[in-house]
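J.: Residue numbers (the working numbering), protein chains in the order written: chain P, 2 to 389; chain L, 209 to 598; chain A, 4 to 309.
Among the hints, erroneous ones may be present.
Below are the PhoX-like pairs computed for lysine-lysine, each with C-alpha atoms no more than 20 Å apart in a straight line [to be verified]: (1) P/Lys48 to A/Lys93; (2) P/Lys48 to A/Lys234; (3) A/Lys268 to P/Lys45; (4) L/Lys315 to L/Lys399.
Just so you know, these hints were derived from the structure itself, not from any lab.
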Amino acid sequence: MDFTFAPEHVALRRLVREFAENEVAPLAMEIDREGRVPFETLRKMAKIGLLGVCFPQKYGGMGAGETGYCILMEELGRVCTSTATNVGAHIGIGAMSVYLDGTEEQKQKYLMPLARGEKLAAFVLTEADAGSDAAAIRTCAVQDGNEWVLNGTKTFNTNGSFADIVTVMAVTDPTLGARGGMTAFIVEAGTPGFKVGTHENKMGIRGSSTAELIFEDVRVPHENVLGKVGEGFISFMKTLDVGRLTLGAACLGGAQAALEASVHWAKTRKQFGVALAHKQSVQWMIANMATEIEALRSLVYRVAWMVDTGQPFTQLAAMCKLYGSEVASRAIDVALQIHGGLGYTRDFPIERNFRDARISEIFEGTNEIQRIVIASNIFRQHGVRIRP
Amino acid sequence: MDFTFSEEQEMFRAMFRDFSAKEVAPSAEEIDHEEKPPLEVLRKAANQGFLGATLPEDYFGAELDGVSYALLIETLAGDCLSTAVTLATHVSLVAMSILEHGTDAQKEQYLPLLASGEAIGAFALTEPDAGTDTTALQTRATPPTPPVGGGEEGGVVLDGVKTWVANGGIAGLFLVFAAAPGGITAFVIEKDTPGLTVGYREPTLGLRGVAINTLYLENCRVPAANRLGKEGEGGDIAQQALHRMGITLAAAGLGVAEAAIDAAAQFASERVQFGVPVAKKQAIQNYLADSLIEVEALRYLVYHGAWLVDQESDLTFDAAVVKAFAARVARSVTNRMLQVMGGYGYMEDYPMARKYRDARALGIIGGPTELQRVAVAQRIMASKDVEIVP
Amino acid sequence: MRIIVLVGRVLDPSGIVVNRRRGRIFINREEYLVNPADRCALEAALRIKDATGAEVVALPRGPLPDDDVLRQALAAGADRAVYLTGDGFKGADDAVMARVLAAAVERLGGADLVLAGATTLDTRQGQLGPRLAEALGWPQIVGAWQVEATDGKVQAVLQAPTPRVGGDRVLAPGRRWGKTPPPRVGGDRHQPWSPLPPPPPPRVGGDRGGGYATVETDLPAVVTVLPGALKPRYPDGARLINIYRAEDAVERWDVADLVEADALKPLLERRGQDFPPERERGVRVSGTPEEMAQAVADALRQQVRG
Chain P
2 MDFTFAPEHV ALRRLVREFA ENEVAPLAME IDREGRVPFE TLRKMAKIGL
52 LGVCFPQKYG GMGAGETGYC ILMEELGRVC TSTATNVGAH IGIGAMSVYL
102 DGTEEQKQKY LMPLARGEKL AAFVLTEADA GSDAAAIRTC AVQDGNEWVL
152 NGTKTFNTNG SFADIVTVMA VTDPTLGARG GMTAFIVEAG TPGFKVGTHE
202 NKMGIRGSST AELIFEDVRV PHENVLGKVG EGFISFMKTL DVGRLTLGAA
252 CLGGAQAALE ASVHWAKTRK QFGVALAHKQ SVQWMIANMA TEIEALRSLV
302 YRVAWMVDTG QPFTQLAAMC KLYGSEVASR AIDVALQIHG GLGYTRDFPI
352 ERNFRDARIS EIFEGTNEIQ RIVIASNIFR QHGVRIRP
Chain L
209 MDFTFSEEQE MFRAMFRDFS AKEVAPSAEE IDHEEKPPLE VLRKAANQGF
259 LGATLPEDYF GAELDGVSYA LLIETLAGDC LSTAVTLATH VSLVAMSILE
309 HGTDAQKEQY LPLLASGEAI GAFALTEPDA GTDTTALQTR ATPPTPPVGG
359 GEEGGVVLDG VKTWVANGGI AGLFLVFAAA PGGITAFVIE KDTPGLTVGY
409 REPTLGLRGV AINTLYLENC RVPAANRLGK EGEGGDIAQQ ALHRMGITLA
459 AAGLGVAEAA IDAAAQFASE RVQFGVPVAK KQAIQNYLAD SLIEVEALRY
509 LVYHGAWLVD QESDLTFDAA VVKAFAARVA RSVTNRMLQV MGGYGYMEDY
559 PMARKYRDAR ALGIIGGPTE LQRVAVAQRI MASKDVEIVP
Chain A
4 MRIIVLVGRV LDPSGIVVNR RRGRIFINRE EYLVNPADRC ALEAALRIKD
54 ATGAEVVALP RGPLPDDDVL RQALAAGADR AVYLTGDGFK GADDAVMARV
104 LAAAVERLGG ADLVLAGATT LDTRQGQLGP RLAEALGWPQ IVGAWQVEAT
154 DGKVQAVLQA PTPRVGGDRV LAPGRRWGKT PPPRVGGDRH QPWSPLPPPP
204 PPRVGGDRGG GYATVETDLP AVVTVLPGAL KPRYPDGARL INIYRAEDAV
254 ERWDVADLVE ADALKPLLER RGQDFPPERE RGVRVSGTPE EMAQAVADAL
304 RQQVRG
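So here's chain P without its partners, still in its complex pose (with noise of 0.2 Å):
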């Protein structure tokens, strides 16, 4: 077993630490207090070829794999979660679902460009009804000649606002549900029809956009379609399990932006005559945290590393996001407790992190539907079929 990182994979972690605490991490209180996506760093990205950090070089990416892909979220997932937020958007599931489920037209003409980067992706599935139950969505695409025909109302949609690109899961049999009755299609921003609504307000990650998307008889292409006609529910299931893996990388990056600032912290702060570091409850602190995050890398490359080497990976990409945001949490939590009154004030970052990584555990499929995928892989292998 070799532990070790591949040359070209530390060379890019280098690469995406400089960029990441130049470029990324001076907007990240700004862009919180304004609430505003930094397009300006986006393109900056693109520039260099990151927005398609795992996309073979074939399609316009940097070919870097799921291991680059990772690194990249980690580094991102250390200074700014919502810049990691609009990137794994863009990249890990708007553009994904394209690479794992195109035609080789739909590649050359959509995952090229995201790929570049001269154009955003997102991913579109949420309802108001249908959040952890996907299943239950409504939005319908009815066929008409050799166009689909779109109605529905989509929530909560990262990106949806901004994307050039986005793919949209809708219902084409009422009468089949997941299995058969639903389909993935590729839509054009501009297309008439397809309007933006309601921006939500969010406590954390505001950096990042999330929208309210309608589509009024939005019509689309039969070339537009995603995969097979009713195959959509499985395509979405696919391109979901590998998001969750860089969400996991993400928050590792979190946990461990949380851990340097306590140490740091601990060893500059003196009350009761001695560095914060002397005492054991904090050492208790910082020891724990960094053990968790020490087994969170572990287990996020190693996922990486299947994924990058064919293997199944959907229970352990699960796995990687419920532990990972959880890990996150606990380490944002501990150190706005380190830094006390610091800690809780919005002109210090601890604060930001604290809002942002709260939503980790709930968006990409809750921590509870993650044990439920779990769960059912574990009792499948013994015959045992869960719902959920």
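Using the hints, position chains L and A against chain P.
T.: Below, chains L and A without anything else, positioned relative to chain P:
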């Protein structure tokens, strides 16, 4: 041991709930989103006598017993933790300190002002280098060269900076702690005293309706009549105030945790996924049940603590236990209940996100949990003759 | 046009603690960076390449344990990179490197411009550029802030040292921090690029508190570049991945093919290390201005006399 509320306490509780639902709940979102101190609510609270909640009637207080006061704070906290903390600071930290340690003249001068709401009280102890360690004060109280205000003792001149002064921005009276030659001493200072400047307001994660400010004392002359207690007694006054406040904040934590469970339970009963209300899912039931178990354990701990305040015993140990447990429960319950609400729990359009942000403060304000654990460890080791220091 | 860029690595200073009391330097975290001034030199070379299509070749400024620094130069945009290795090379100092690099330039078939960082971050050495210029017999420009090369000439803007106003970004001017320094966003890792302000256009007569001068010379020449002068570009990601996957991306030369064995003998012999003496306590004078002036004059007279 009679664990039931008295008839009077039941009546008070109904009255508090009524007041909170009518006056506090509708303003809670605005108080948080606009970061507006709840002055209108305080005015109405003053009319009900809440601003002098535990003060004797002689000073225009409502003379509530400890448990009733806890019920008041608990109820208000359920709707708006900012309002509860503002009121708690005013009553437990400031008004009660003056009641316990003031001369008759001081009590007659200040308590009616506080009870009527003409002046709101602020508590100024923390400094940039004295957060958890409140004995290391750098604000100095030195005798002036020519005596001020006449009399044998000529008052003092205060110099220093106080941070995290709760209610600082809306206060008419400040309870300030400074290091005098004879030790830490407490002073009551009125708002427009020359040399006292209310400065920077702390932008916070939660409790955004509480005005938390930095206070600058520059050559601030304070007459002898304004000294609370004896010189060198300030440390004890501060500790007793913080013990009372610890129990009050615990009541607030209880209130916010209960309200979080109610809100999440309501949501879980209405939100349908996978064909049923999510309340039908065992995982969600477990979150609710675990939360209620913690809340019930906290409940009687809080009421017992509140009863102890009235017994005038040394609260060091009990306040630490109650405060530490309440901080833990409030945080874990609001966290779990936010999870029950899923994405909706994360949107600022619903109260849960606010409760989550607000509750997080309870582990820090009024003495962080780490300090409470020291007090408990001290009690355990006291009988074994081992000295524990923070 | 061929431009040679010298690149080297330095210890990250944020991992080092100097303990005067124990008379030792502790390396708590042994991590290396590319010498920041060298990155600026490479950036200067790449900008000339962008403008004129020049060829950029990266050479090491000293012995390296592996070719990683050179790969980084390739990833950023250099066309070729050569790693030097060989017996007796490990202890090479700047005097040796000047000889070795002069020979390397000759083996490459000559060059028009050599760019190198003006100083190294860890040892603050600035002699390699001038020594190499002497070894090559070329003119040298030391401490350039901007560099341009066209039509057989190189122009550089020089800057006199100006005190840098730096420190932590103060997050909220209104708040009080007390004795504890404000928490630093991003920790204390050394930033590879320190943002100094860009120079104003040079003026005859200089500026208050610093100065700028433009100089020009014919190529070939050696120019050393100040750290912080230019913001180094980020390498293209795909290029980076491909270079690191190609085992033979960096050429390898043996120094024995470049110079004789005794040319590898270092000029410096390390005999030990010590700290500079403690600063003596000063004398505080007080009183009226006349009294203070008299006291200072007396003290100075005392010092001079003994």
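J.: Evaluate each hint against the coordinates.
T.: These are the hints, each one checked on the structure:
Proximity of P/Lys48 to A/Lys93 is assessed by CA-CA distance (about 39 Å); at most 20 Å being required, the pair is judged violated. For the proposed pair P/Lys48 and A/Lys234, the alpha carbon gap of about 16 Å is at most 20 Å, so the pair holds. Pair hint A/Lys268 plus P/Lys45 does not hold up; C-alpha atoms about 47 Å apart against a cutoff of 20 Å. This hinted pair checks out: L/Lys315 and L/Lys399 have alpha carbons roughly 17 Å apart, not beyond 20 Å.
Figure legend: structure checked against the earlier numbered hints; hints not met, in rising order: 1 and 3.
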